[in-house]
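Enquirer: In case you want the letters, here they are:
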Amino acid sequence: MTGEQIFFLIVGIVTLISGLMVVTVRNLIHAALWLVATLFGVAMIYAILNAGFLAVVQVVVYIGAIAILFIFAVMLTRRQAAETGASVNSNWWLGAIAAVATFAGLFFLLKSWSGFSKTAAAIPSGFDAVNQLGDALTSANGYVLPFEVASVLLLAALVGAVYLAFNKK
Amino acid sequence: MIPLSWYLILAAGLFSIGLFGVLVRRNAVAILLGVELMLNAVNINLVAFWRYGDVALMAGQVFAIIVFAVAAAEVAVGLALVISVYRRRNTVVAEDLDLLKW
Numbered sequence: 001m002t003g004e005q006i007f008f009l010i011v012g013i014v015t016l017i018s019g020l021m022v023v024t025v026r027n028l029i030h031a032a033l034w035l036v037a038t039l040f041g042v043a044m045i046y047a048i049l050n051a052g053f054l055a056v057v058q059v060v061v062y063i064g065a066i067a068i069l070f071i072f073a074v075m076l077t078r079r080q081a082a083e084t085g086a087s088v089n090s091n092w093w094l095g096a097i098a099a100v101a102t103f104a105g106l107f108f109l110l111k112s113w114s115g116f117s118k119t120a121a122a123i124p125s126g127f128d129a130v131n132q133l134g135d136a137l138t139s140a141n142g143y144v145l146p147f148e149v150a151s152v153l154l155l156a157a158l159v160g161a162v163y164l165a166f167n168k169k
Numbered sequence: 001m002i003p004l005s006w007y008l009i010l011a012a013g014l015f016s017i018g019l020f021g022v023l024v025r026r027n028a029v030a031i032l033l034g035v036e037l038m039l040n041a042v043n044i045n046l047v048a049f050w051r052y053g054d055v056a057l058m059a060g061q062v063f064a065i066i067v068f069a070v071a072a073a074e075v076a077v078g079l080a081l082v083i084s085v086y087r088r089r090n091t092v093v094a095e096d097l098d099l100l101k102w
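Chains as they are written, first to last, in our numbering: chain X, 1 to 169; chain P, 1 to 102.
So that you can see chain X by itself, here it is in the shape it has in the complex (with noise of 0.2 Å):
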């Protein structure tokens, strides 16, 4: 096992285990903060596969902005410190049999794959991904319409966010 396998281990455990903790922590305030640990780890593994710009958009609109975003949430709606009556509702039960049946499907499908266990290639070496990204986002042969569409969504988000949580009174 290499050193690149360790690592890798490491961070998807630590990733699952804080994932896990997002949905059985019972104060909101600690999910939040588990939640900011499951996103570290996902901009690690962002940055194990080469994608080194994701990584730091990960950490800097999902951390920065969404956890944080969570976090005002969770305060600016609780009667009281403590949450009070149970976390999870009655039938959590067929929502854990849903997930697990959920991740063995998904297994056994992707198992059946040809490409299920193949090795990456070697990057090209003068290749620059951040480059080749900009590229593709803004060329008219490229993704710029996903990319206009998606800044018109965000101009939509945020009028539909201020008018939705405007005080009237």
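Derived from the structure by calculation, the hints contain no laboratory data. Don't take each hint at face value.
Unchecked claim - When the alpha-carbon atoms are kept at most 20 Å apart in a straight line, the in silico SDA-like pairs for lysine to any residue are as follows:
id, chain 1, residue 1, chain 2, residue 2
1, X, K111, P, A56
2, X, K118, X, A37
3, X, K118, P, A56
4, X, K111, P, N45
5, P, K101, P, T91
6, X, K118, P, Y52
7, X, K118, P, F49
8, X, K118, P, V55
9, X, K111, P, I2
10, X, K168, P, S84
11, X, K111, X, V100
12, X, K168, P, R88
Quick caveat: nothing in here was measured; it's all calculated off a predicted structure.
With chain X fixed as given, assemble chain P onto it according to the hints.
Expert: Below, chain P alone, put in the same frame as chain X:
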């Protein structure tokens, strides 16, 4: 080298954990936390397929960035809805929000 299967199994596990959170949590904010885990699992798959396919084709990374944008929009609108509901109904428990239930 790490085989592709490791990434796919990690993403499938993270997706299932997120699905569990979405299905069982009572608090609406906690349900949105589960959705974030599922979106991240999808992103791991997109980036892994980019790396293990032809690295000159940037579709995997481009769509990972689109998922970032959609996730940010979804969280902003979702949390605004939760805060708006909390102001009117004074609760964020999903099963108490049964106004549309006949």
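Enquirer: Indicate, hint by hint, whether the structure satisfies it.
Expert: Hints versus structure:
1. X:K111 to P:A56: The given pair, whose Cα atoms are some 26 Å apart, is violated under the 20 Å limit.
2. X:K118 to X:A37: Roughly 29 Å between the alpha carbons, so the hint for K118 (chain X) and A37 (chain X) is violated.
3. X:K118 to P:A56: holds, 18 Å
4. X:K111 to P:N45: Distance of about 15 Å is within 20 Å: holds.
5. P:K101 to P:T91: Given pair K101 (chain P), T91 (chain P) holds - Cα atoms ~17 Å apart, limit 20 Å.
6. X:K118 to P:Y52: holds, 8 Å
7. X:K118 to P:F49: holds, 11 Å
8. X:K118 to P:V55: OK: K118 (chain X) and V55 (chain P) at ~15 Å, within 20 Å.
9. X:K111 to P:I2: Given pair K111 (chain X), I2 (chain P) holds - Cα atoms ~16 Å apart, limit 20 Å.
10. X:K168 to P:S84: Holds, at about 11 Å.
11. X:K111 to X:V100: holds, 16 Å
12. X:K168 to P:R88: Cα-Cα ~12 Å, so holds.
Violated hints for the displayed structure, listed by number in ascending order: 1, 2.
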